[in-house]
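Each chain, written out:
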Amino acid sequence: MSKHRPDYYGRPVIKQPVWKTEIGWYFFSGGLGGAAATLALVSRLAGRRGLARRATLVSALALSASPPLLIKDLGRPKRFLYMFRVLRPTSPMSIGSWMLGAAGTAAGAAAGSDLLDVAPVAGDTARTVAGLLGPAISTYTAVLISDTSVPVWHEARRELPLVFAAGSAASAGAAVWLAAPADERGPARRLAIAGSAGELVAAHRMESALGELGEPYRRGRPRRYARAARRALAGGAALMAAGRRRPMLGRMGAGLILAGTVCERFAILRAGNMSADDPRYTVDPQRERVAGRVTS
Amino acid sequence: MARIETESWPATYDGAARERVGFFTDTSVCIGCKACEVACKEWNLLPEDGFVFTAESYDNTGALGSETWRHVAFIEQDVPLIETAGDGDDDGNPMRWLMSSDVCKHCTSAACLNVCPTGALFRTELGTVVVQDDICNGCGMCVPACPFGVIARRERDGDGRAWKCTLCYDRTKDGLTPACAAACPTESIQYGPLDELRERAAQRLQSVQQQGFAGARLYGEDPGDGVDGFGAFFLLLDEPQVYGLPPDPVDPTKRLGEMWGAAAAAGAALALGVAASLLGRRG
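As they're listed, the protein sequences go chains V and A. Residue numbers 246 to 541, in the numbering used here, belong to the letters of the first sequence in order. Residue numbers 786 to 1068, in the numbering used here, belong to the letters of the second sequence in order.
The set of hints was computed from the structure by calculation and includes no laboratory data. All of these numbers come straight from a predicted model, not from anything done at the bench. Glycine residues also receive a C-beta, built at the ideal position from the N, C-alpha and C atoms. Treat the hints with caution; some may be incorrect.
Okay, the calculated bits of chain A under chain V, using three or more residues with CB under 8 angstroms as the criterion [what the hints assert, rightly or not]:
1) 809 to 821
2) 1051 to 1057
Computed spacing ranges between beta-carbons, pair by pair [unchecked claim]:
3) A/Glu861 with V/Arg534: 26 to 36 angstroms
4) A/Asp863 with V/Arg469: 38 to 48 angstroms
5) V/Trp343 with A/Gln917: 19 to 29 angstroms
Could you build the full structure based on these sequences and the hints that come with them?
Given below as structure tokens:
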């Protein structure tokens, strides 16, 4: 009954996202698949066919895991085809569904062409389509969660895409490294290490830019996920760098990097829920904005 | 910064658009009877919320949700209702009781509608925002998008779809008043053409302020705000956050250009990184 109680019994102003763990895994699989598709295209252009084949296969597998994850998360899974009723430019979910549909189909076709050794021209065309869509697949999910009223996501709208891009590069590098023959996988190793370093920097940059709004990353579950991500990425990158001639270390490093990028996505997802649940994060910046307008 | 045009709905109706309608909820005369909550549930066949006692106030429903499309908030404060009057409890301590019936704002720039991938959410010929329950696939995108926490997914009986106030589309399209406004005994909930309501609200604000309600203000009547004005706006007696409302709501979609710009830059960095990884020695 305080005179100046700034909220309504501490209840949230906005609703928590309803997305379940499938979405965290989808952020991971889509990012990995997108970046691997781009790696496949670029290695094909560089004439590294072995690497291109493995990267194509990895991207096809990762992108084929994505639709089931998204469909399982729908409130009405049987209506998943309604995603393709319309194309809505104002809806990142709509644009993403169409891009994922196109990239997944293309990656699958390219992988099929490689595996069955048929239609090489069509296969390369499909690889090109998937490879060009790759960076968009890896980053649109950042737009999707930024385009909400969740403070920790919306106020990180300039920084989130780089977190997703770097994590995608790291996970694709690690996965392709695990799948590729030893004499072809140098680029995948470099991508995994650079992506991990980029992810650490990008996540730090995001949390700094958020300031007080970034508090959820320093509390409870999001904090544990973020800390696990940092340790796994740093350790994994170090192991992959050290394990150039020692495959066992490399495999451990790649595994850690994959785990680290998963943890970072869950840190982001859980931080969003925590941020939505506390009215302070919604109300305080808005009050400051209003106060700023009144005084200026 | 790129802006996405979301405000030109009358043109999309090709002459069939009608005068935009909405609510003006004058909380200064709300008596907290919850007739609006009940009428809404009856007309829209919404399940009960569970007979919950929050132990905080007479509020049983807590918040708007998939099955609560009107929500009456109760706030007790230790300040007098009118600054000059000696209002108070039996011991003469100042106190006032604020009540307000909250509802979907039917924003001019509606985040829920903008982010909906299926087109289930649409703007009616009356300018209101409605979910088509035969199209919604329950993706959940609209839920965190709404700056007011209005729309929610119904999890009961495996429904899985997003639901919110339709501003009684099935009544308003035939010229009837929405159930809540029809049931309101004090005309706290007023329904009508939005322009008319805005004029009426401005007059009402003046009169309430003259009566000594110092904190009185209109909330959501300004077409220049972050959602380009509410279709359902309010006269409040205190700051919006006291009622659980955001003080400066913004449709996040307004910054979509900024977001895609950042994504394009990050995507380009990713492509460059991949290309750079292929430089250098083989193996």
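Status of the hints after comparison with the structure:
1. 809 to 821: violated (count 0)
2. 1051 to 1057: holds (count 6)
3. A/Glu861 with V/Arg534: 26 to 36 angstroms: Check passed, 28 angstroms falls within 26 to 36 angstroms.
4. A/Asp863 with V/Arg469: 38 to 48 angstroms: At roughly 41 angstroms between Cβ atoms, V/Arg469 and A/Asp863 fall inside 38 to 48 angstroms, so the hint holds.
5. V/Trp343 with A/Gln917: 19 to 29 angstroms: 21 angstroms, holds
In summary, the structure is inconsistent with hint 1 from the numbered list given earlier, while agreeing with all the others.
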